[in-house]
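S.K.: For reference, the chains in residue letters:
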Amino acid sequence: MIEYIAGRVLAGLVTLWLFVTFLFFMARWLMPVREGFWGGSAWDNYTSFLSGLAGADILRSAARGPLPWTLLIFVFAVGIAFPIGHKLGKYAGWKRTPSGSASLTIGAVLMYTIFPPLLVFGLVMLVSRFTNDQGIGFLRTLFNEGRLDSAVAWSMLITIALVTTAVAAAAWTTSRAQRRVPVLVWALLLVAVPFLVWARRGMLGEVIDILAYLALPIIAVTILVAGEVILVSKVTTEEAAKEDFVFTAEAKGVPDRQVRDHHVARYGLLPMLNKLVVSVPFILVGLMIVEISFGWGKLSGATGEGDPFGTFGYRVPGLSSQVFASLENRDPATVMEALVVVGVVVLVIRLLIEVLHAALDPRILTPGRQR
Amino acid sequence: MSIEITAGQSGLRARRKARAEAWGRFKKSIPGMTGVVLLAIFAVMAIAYPILIRTVWDPDIYDPETGIDMVEVEKLYVREVTDPATQVGRVDAFLSDMYSQPGDIVLVRAPAGIGLAHPLSTDASGRDVLAMLLAGASSAFVMAMTAALTTAIVAVSIAAVAAYKGGWVDTILSNISGALLLLPAPLLMIILGTSPAGEHIGPAQFGFLFGLLAGAGAAALVVRSQAVTTMQRPFIDTARISGAGGSRIVLRHLVPHLIPLAAIAMLIGVTGAIVADAFVSFLAYGENRFSWGTMINTAITARPNLRTLIHTEWHVMVIGGLAVTLLAASFYLVAIGLHTAFDTPKFKR
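Those sequence lines, one after another, are chains Y and A. Positions 1 to 371 (our numbering) are the ones given, in order, by the first sequence. Positions 1001 to 1349 (our numbering) are the ones given, in order, by the second sequence.
If you're looking for bench data, these hints aren't it; they were derived computationally from the structure. Check the hints yourself; a few may be wrong.
[As the list claims (entries may be wrong)] DSSO-like, lysine-lysine: derived pairs with alpha carbons at most 27 angstroms apart: (1) A:Lys1165 <-> Y:Lys95; (2) Y:Lys95 <-> A:Lys1028; (3) A:Lys1027 <-> Y:Lys95.
Here the structure is a predicted model, which means the values were calculated and not measured.
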């Protein structure tokens, strides 16, 4: 297992180096810069860029600034979208779902391809209608009063990670001991324990402020991700339904629903993880587009009065704002830094999924004996 | 000789039969057919605009950028506008009559509303929404088609070369694809489009660049794994033993097996291109041309106040946004139909 993880980390570092080199070429010859920005030969620029990255200052400054907000939106959106999308995809992919399978598929495609500004506009419109035009202003006061602390955001992320690991370990132990505990119990624990921890540490108020502020982007990204998860889950269900053991189960007269839920859907989880590894960067791009759409107006100078909150009166303090602010300022170094952070985040998430996959399916650890 | 001819003919017949069966399965897939119908509607829209503007539509009214249809309406001059349909504020009232007082009824030029002449109404500056919708279709369509073809060609060539050569060529190519995957094509295109270089990127160039990036990234990885398994199948060895050269093996034996998967990968990739292209113009960057993104942008910028935007101008936002969404969705739906069509069941029950 350790060998496998080390191998994946090494491969990840190679990918990261290629990626950084590619970014450098793009910035050096494609992005416009201020006069005399680069100076020196391309090789000098490249080596100084690489040595600057090796210091990891970029990651540290991102961690203090925009990174935790983007990660929080990602974690909550995926955490909500994955179970729902998996359930719905199971119905969409099952061959004997009586009707509605096609409309579910079309609905999922629409969720996945919806133009993010339209989604954002719809959400803002709903909030304004239901709160009599007060809701967005309330969120804005949360931001202005400095109720969003990135230290709290980090401790939220760490709590979620620890609780998830603990629950997963507990679930694994009980299943080893042949004790059946309903999935619902684990799900409840996963939701309730973090809040208990936060309440005990006396930061529940701050956590709720942060969640209220990020609720809109979380909902928007959840919709995008759920569409993708439904489509992936549909395909894996269709693939899994072709396996021999499904045929056997049906021949033995196992009820249709049981075959779908216990034989097909569970078997489909692993290939689904495999496919979602590829989707992670696309989910992040969707997230960044949503972030920009919420803050729209500032970027294009539409409001003109220098309002940092844009047309919708709202902004997400995430990674994308940094990328686009520096594009405006003709500062490719900062753009590259932000993109390197995106790349590192994608690599880390990918590594986590791969380790999870290896833990669930040890066949991966013995190369050459894969199916 | 005669044996060879019959073999060739039966091969041709088998291929034709397989194709007919695949089309039969595609026709049964509701998502796939929905996608085809939507694509057809968009194609008609793209063709309809140049015809309409040359024959029926008066360019002074229906040109998406300069055409304006304003009518004069009576409105009440008030200090604080609460109902934009019947009231105007200071600036608009002064434009009509600079000596008017609050409480007066003034004649104001207002956009012509919904009616026979404007089936989808007009935006705040009096431009016909249907004309803008049709005018934006062609550039989006050109962009999507270029992106689709480039993605497929790049992905298939990289995958075929990687699988045929193997070894270090394969390692280098798949590592490059993996690195490109860290920064997906939509984000790169948004960054390129919003940089000043974006002013020179037209729809076809946008699609081409997107296809290069997406084809070398995610699509190449997907097609490559299919190419590697195809290379291990017996007929490749048979071809090699009977003396076929490298280009013949790749073009005649390997590539045909990659095309269905490449088509699916390209159609799914195009959805990203459409959203990225519309997003760049929505942010008011990119080449100065009319598109659905510009349509939404100008409609919103005309009403910078969120309240009036929500209450009067929402239809332009929703119509433009839906057009982008549905065009992207139609490509994805066709991809799902193709997936069903080429997905041969393991057991024929």
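S.K.: The structure should be examined with respect to each hint, and the outcome stated for every one.
M.R.: Cross-check of the supplied hints:
1. A threshold of 27 angstroms between alpha carbons decides the hint, and for A:Lys1165 with Y:Lys95 the separation of about 40 angstroms lies outside it, so the pair is violated.
2. A distance of roughly 13 angstroms separates the Cα atoms of Y:Lys95 and A:Lys1028; the hinted pair therefore holds under the 27 angstroms criterion.
3. For the suggested pair A:Lys1027 and Y:Lys95, the alpha carbons sit about 17 angstroms apart, so the restraint of at most 27 angstroms is met.
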